[in-house]
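Student: The chain contents come next:
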Amino acid sequence: MEIIMKTSYTYILFTATLLAASGLFSSCEKVSPQGVLLGNTSVDDRVKQSMLFYTYHGDDMDWYLVDSIEEYSFLVGSDSHITFDPGRLSEMMQTGIENDDLFYCHLGDLADTKPEYYYNTQVAIYNGTRDWRFKYIKPLIDEYHTPEDGMYYDKRIIPTSRNYAKSWERWTVPFYPVAGNHDITHNGWSLFCQQFHTSFYEFTVKVGDSYDRFIFLDSANGTLGDFQIDAIEDKALQNDDKPIRNTFTFTHTNIFRPTMNEFASTYCREELYYLLNKLEEWDTTIAFWGHVHAWDDRMFNGVRHITMRSMNFVDHPNGGDNLLVRVTVKKDGTCEVSPVGLYSKERSKTELESLGYYVTTK
Amino acid sequence: MKSLQRILLSLLLMSATCTALAQYYSGEHTYDGENQNEASASVTTGKNIITGPCIGNTVHYKHYFNDHWSVDGGLNAQYTKQLYGFKAKGEYHFKVKSFHMFASAELLYNRYFKYKTNEIDGNISIRFERGYWDITLGETLINYTIGESGYTELPTLTFGAHASLRPRTNNWNVGLLFRNYDDFYYENWNINWGLDFYYRFNPRWKMFGEFNIRPAGSMSQLASKYETTGKVGVIYRWK
Numbered sequence: 001m002e003i004i005m006k007t008s009y010t011y012i013l014f015t016a017t018l019l020a021a022s023g024l025f026s027s028c029e030k031v032s033p034q035g036v037l038l039g040n041t042s043v044d045d046r047v048k049q050s051m052l053f054y055t056y057h058g059d060d061m062d063w064y065l066v067d068s069i070e071e072y073s074f075l076v077g078s079d080s081h082i083t084f085d086p087g088r089l090s091e092m093m094q095t096g097i098e099n100d101d102l103f104y105c106h107l108g109d110l111a112d113t114k115p116e117y118y119y120n121t122q123v124a125i126y127n128g129t130r131d132w133r134f135k136y137i138k139p140l141i142d143e144y145h146t147p148e149d150g151m152y153y154d155k156r157i158i159p160t161s162r163n164y165a166k167s168w169e170r171w172t173v174p175f176y177p178v179a180g181n182h183d184i185t186h187n188g189w190s191l192f193c194q195q196f197h198t199s200f201y202e203f204t205v206k207v208g209d210s211y212d213r214f215i216f217l218d219s220a221n222g223t224l225g226d227f228q229i230d231a232i233e234d235k236a237l238q239n240d241d242k243p244i245r246n247t248f249t250f251t252h253t254n255i256f257r258p259t260m261n262e263f264a265s266t267y268c269r270e271e272l273y274y275l276l277n278k279l280e281e282w283d284t285t286i287a288f289w290g291h292v293h294a295w296d297d298r299m300f301n302g303v304r305h306i307t308m309r310s311m312n313f314v315d316h317p318n319g320g321d322n323l324l325v326r327v328t329v330k331k332d333g334t335c336e337v338s339p340v341g342l343y344s345k346e347r348s349k350t351e352l353e354s355l356g357y358y359v360t361t362k
Numbered sequence: 001m002k003s004l005q006r007i008l009l010s011l012l013l014m015s016a017t018c019t020a021l022a023q024y025y026s027g028e029h030t031y032d033g034e035n036q037n038e039a040s041a042s043v044t045t046g047k048n049i050i051t052g053p054c055i056g057n058t059v060h061y062k063h064y065f066n067d068h069w070s071v072d073g074g075l076n077a078q079y080t081k082q083l084y085g086f087k088a089k090g091e092y093h094f095k096v097k098s099f100h101m102f103a104s105a106e107l108l109y110n111r112y113f114k115y116k117t118n119e120i121d122g123n124i125s126i127r128f129e130r131g132y133w134d135i136t137l138g139e140t141l142i143n144y145t146i147g148e149s150g151y152t153e154l155p156t157l158t159f160g161a162h163a164s165l166r167p168r169t170n171n172w173n174v175g176l177l178f179r180n181y182d183d184f185y186y187e188n189w190n191i192n193w194g195l196d197f198y199y200r201f202n203p204r205w206k207m208f209g210e211f212n213i214r215p216a217g218s219m220s221q222l223a224s225k226y227e228t229t230g231k232v233g234v235i236y237r238w239k
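Just so you know, the sequences run in chain order P and G. Heads up, the first sequence is in the working numbering, so the first residue is 1 and it goes up one at a time. Heads up, the second sequence is in the working numbering, so the first residue is 1 and it goes up one at a time.
The hints are simulated quantities; they were obtained by calculation from the structure and are not laboratory data. Idealized CB from N, CA, C, for every residue including glycine. Where hints are given, some of them may not hold.
Said to hold, decoys possible - Residues of chain G placed beyond 12 Å of chain P at every Cβ, according to the derived structure:
{"hint": "1", "residue": "His29"}
{"hint": "2", "residue": "Glu34"}
{"hint": "3", "residue": "Ala88"}
{"hint": "4", "residue": "Val174"}
{"hint": "5", "residue": "Phe201"}
{"hint": "6", "residue": "Phe211"}
{"hint": "7", "residue": "Gly233"}
Stated by the list, open to error - Pair by pair, the computed Cβ-Cβ distance ranges are:
{"hint": "8", "chain 1": "P", "residue 1": "Glu233", "chain 2": "G", "residue 2": "Tyr109", "range": "25 to 31 Å"}
{"hint": "9", "chain 1": "G", "residue 1": "Asn118", "chain 2": "P", "residue 2": "Ile137", "range": "48 to 54 Å"}
{"hint": "10", "chain 1": "P", "residue 1": "Gly341", "chain 2": "G", "residue 2": "Ile124", "range": "41 to 47 Å"}
{"hint": "11", "chain 1": "P", "residue 1": "Tyr126", "chain 2": "G", "residue 2": "Phe197", "range": "54 to 60 Å"}
{"hint": "12", "chain 1": "G", "residue 1": "Asn118", "chain 2": "P", "residue 2": "Thr328", "range": "34 to 40 Å"}
{"hint": "13", "chain 1": "G", "residue 1": "Leu176", "chain 2": "P", "residue 2": "Glu233", "range": "31 to 37 Å"}
{"hint": "14", "chain 1": "G", "residue 1": "Thr80", "chain 2": "P", "residue 2": "Tyr144", "range": "55 to 61 Å"}
{"hint": "15", "chain 1": "G", "residue 1": "Thr80", "chain 2": "P", "residue 2": "Glu98", "range": "52 to 58 Å"}
{"hint": "16", "chain 1": "G", "residue 1": "Ile120", "chain 2": "P", "residue 2": "Lys330", "range": "36 to 42 Å"}
{"hint": "17", "chain 1": "P", "residue 1": "Asp67", "chain 2": "G", "residue 2": "Tyr109", "range": "30 to 36 Å"}
{"hint": "18", "chain 1": "P", "residue 1": "Asp240", "chain 2": "G", "residue 2": "Trp238", "range": "53 to 59 Å"}
This is chain P alone, in the form it adopts within the complex (with noise of 0.2 Å):
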């Protein structure tokens, strides 16, 4: 009787484990149940995708900037995590028009995890086109058009370029942005592409002779996965044969942990030293990386390194000084990091619609 107790004993703390495991997995929003053995999103779909609108639009990415524009600089933000405020978001796009930033990355996480914060993505990408287009697209006026065409420009591209005049909707805000995890969960990814399009992709800036390469890479699994790891082999990206100054890296998710107390997981082993190689073989002047809502900048084998912090007003209820970073890359090539605050604090439910917003109950 003694050993039937003792064995029911054991079994009932296991399974007391097990349920309460299960219970802790299922609770939250943010971690997939299933999701811990193994994801119902694959890397592979999103990467093919991608690579069928880069196929396509590839060419039209590309920046051909102006003779008078000798150094120019760039925002980068990660992990925001909107839920009903899209505010950090629209402040980090407004911070980068006044400050004639040329465009705007995103580590990924954008939204979190629920398709009704995806609209309010969709409110901060909305606003920023709407600013965005006002400071720097013109009526395209020469002897061949004219405003009733209905062609715009952007004042700093270079008329030889391919994406030089676009009528006016479809100028949008330059923000690049890579899938984080929270943007894949509970089908983020069918959101994400229809506002985004792309998570692998790639684009160079042109600035008199020199080119700098943008390179985004998608980890939101964890990994590059089979199809993305042949496509970047078989140098399916199309600025392999430029004469390329810098190289800038962005993904999710991160190589190096700067705290011991976050359980997110970083690549498998022969992946991890697969990308230090291949950034070493890119000559990366910086590789940005996100999802552990954490600074770390290091150089490792001529890389330097930046994980940045997330830019989430849980995280960082009052802001901070050091939330995005500026990268001004100058005439001579060399880079400048610098950081950059956000400072807003997120509104209330009866704010948000007093402003228009469209807030759901949690």
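Following the hints, complete the assembly by docking chain G onto the known chain P.
Tutor: Structure of chain G alone, referenced to chain P:
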């Protein structure tokens, strides 16, 4: 009602049988009182998304000084991955009530030739073992070097759980595993899982095997395909 009683009675009897068997558990990983040496060799094959199809061998040698102390050395050669490694491990076995406890310290070196990377891992762990299951908890320090750059990761929690269908004393067994390490690597929060089995021909010879799924990512990252391997091998024990 009768069928319900029958089911309950059967479950009760099964539970009592399992318990009785568990009480006679002598410890699969302990000194059997006779054979102080143990050697194993295995072949691993599978597919990894970075290195493609993979095949390799591992060999182990373990020496039991007595019922408490043992040392273990191993070599790993993964030919297609161009990964070669060796490790040394010391273990202390003791009992707390009905638990077999194993405190161990391990040093592992891996050379990833393809990626010009040297990796050194240090691990300390404690394993709680009963007749049907075991749990491992520990800390691992991972250092890697590429070229002239080196990085030591902050300590990583090491964890593992294993449950068997039959008690360890049985001549055959099938089990489930769940862990963030394997014989020759330690990961962060990438959780391996799979099936293993063994068949004991006699007290000296045993065959074992493992089917291991090693995903990338975990928790909120929606784990994705990374590596799938199968391993089969033999263990021989002698005086």
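Student: Taking the numbered hints from earlier one at a time, note which ones the structure violates and give those numbers from smallest to largest.
Tutor: 17
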